[in-house]
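Here the structure of chain D is known, so what remains is to put chain L in place on it, guided by the hints.
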Amino acid sequence: MSRYLLNKFLYTVDRDAELVERYRDDPRGTVAWWEAERANAVLNCHTGEASTWLRFTDAEREALANHDHVALFSLGAHPFLTLTLFIAMFERDHAEPLGFQKQYAVRLAHFDLPYPDIAT
Amino acid sequence: MATVVAVIASTHHPFYYRASTATGEDRPPFADEWVRKILTFRETLTRADPDVLVMVGSDHFHQLWLDNMPQFLIGKAPFYDANWYNEEREFGLPRMLLRGQEDLSGHLLREGLDAGFDLAFSNELRIDHSITCPIITLRPEADLPIVPIYTNIFAPPLPQPKRFVQLGRTIRELVESWPSDLRVAIVGTGHLSLELGGPRQFGPHGPDPEFDRRAVEWIANGDLDGCLAEVTLDSLHAPGNATHGFMDFMLMMGVAGAGARADHVDTLDLFHTMEAYFTWYPNGAPTA
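Taken in sequence, the protein lines are chains D and L. One point on numbering: in our numbering, the residue at position 35 of the first sequence is 35, and numbering is uninterrupted. One point on numbering: in our numbering, the residue at position 34 of the second sequence is 34, and numbering is uninterrupted.
Since the hints were derived computationally from the structure, they do not count as laboratory data. Please note: incorrect hints may appear among the correct ones.
Covered by chain D, according to a simulated footprint, are these stretches of chain L (three or more residues, beta-carbon under 8 Å) [unchecked claim]: (1) 65 to 77; (2) 147 to 156.
Sample of chain D residues at the chain L side, in silico, Cβ under 8 Å [what the hints assert, rightly or not]: (3) Leu54; (4) Asn66; (5) Met89; (6) Ala109; (7) Phe111.
Positions of the beta carbon are idealized from the N, C-alpha and C atoms, including for glycine.
Next up, chain D with everything else stripped away, as it sits in the complex:
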């Protein structure tokens, strides 16, 4: 269980316009590259400093590689991070205002309270 790392992926991709497009176009390749090259980078720190121990579980890697926001919700990824990045990637494909956001909610309709824990 590495909710923190899921969130770190969503957070670092979301704030980089090039990475948003790369993740939209090639999710599996981007996840593999990110886990190998970026997952351990210590943020807010001098460039090049890194941790040694961070990796996804298989379920987390698959959820990201499949753009599966329902699975990400189930795994406890922070809903704000998932939503923000997915709006950036997919809102453009929907003509109706908030069409993507409403579809996103419908796909989560089977979740009842309490929702999956998001504490890290």
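Here is chain L on its own, set in the frame of chain D:
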């Protein structure tokens, strides 16, 4: 000593800027009523004639991140750049630059630490829409120096609701003990019931209109006892998964004081959230 000339609590809706500036076919049907309510709300701050704004909000994973997450943080810098790439992208928010009031920041930090709040600080803080939305709605000239205060309503574990109230009470006391002749308005933003990234998001109303109705009553009447008796970290999951932002309203109730009835109360039932606007005048309403 400084004077608290207004206490203001508001929702911070990032869609306001785009809705209020859109024209023609792009202008949403609710924009005119929203702008009308905001102009009335803005007047409540303008009439108070403040020199300085203390701005309470919450970073949305922009600068503050899970590798180093403060619970309560005060900015202490001469300037604050504002709004982030993903807020431009999603909401069309403009980049802004606000002046800081470092002397008041320093006073709140020193005295706040001595009053029992282990406050974090930042000397280079880029603020986000939780603080720029009320600048856009209440003071679009963005001409007053600010002291930004960030709370963690976003990344559990969170402080308890009563702690937000206590901090609000302390901020009020500390501003009033600041050796200055300046007029200070304390402005904070949060949410009523809200769901983001969950099944109840973007519905025809906020996810829990009954919670919103009661919350507006608590705030408008300064009913801290009623609010604290019912609101817990656990209970806030029920009205919507982003409803912990209500604790910033509770902080502002602490600033306004127990039993303080708001001088201005207004709401707007938008499609996916209830907007709510409150102003208190601690020294009585200013004369025109």
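Outcome of the hint check:
1. Coverage of a stretch by a chain is defined here by at least three residues with a beta carbon nearer than 8 Å to that chain's beta carbons; for the stretch 65 to 77 of chain L and chain D the count is 4, and the condition holds.
2. With 3 residues carrying a beta carbon less than 8 Å from a beta carbon of chain D, the stretch 147 to 156 of chain L meets the three-residue requirement, and the given coverage holds.
3. Contact between leucine 54 of chain D and chain L, as hinted, is not supported at the beta carbon level, the nearest pair being about 11 Å apart and thus beyond 8 Å.
4. Taken as an interface hint, asparagine 66 of chain D does not check out: its beta carbon lies about 17 Å from the nearest beta carbon of chain L, beyond 8 Å.
5. Annotation: methionine 89 of chain D was flagged as interfacial toward chain L, and the flag is violated, the nearest CB pair being 11 Å apart, outside 8 Å.
6. Given the 8 Å rule on beta carbons, the hint for alanine 109 of chain D holds: about 5 Å separates it from the nearest Cβ of chain L.
7. Annotation: phenylalanine 111 of chain D was flagged as interfacial toward chain L, and the flag holds, the nearest CB pair being 5 Å apart, inside 8 Å.
In the structure shown, a violation is registered for the earlier hints numbered 3, 4 and 5, in ascending order.
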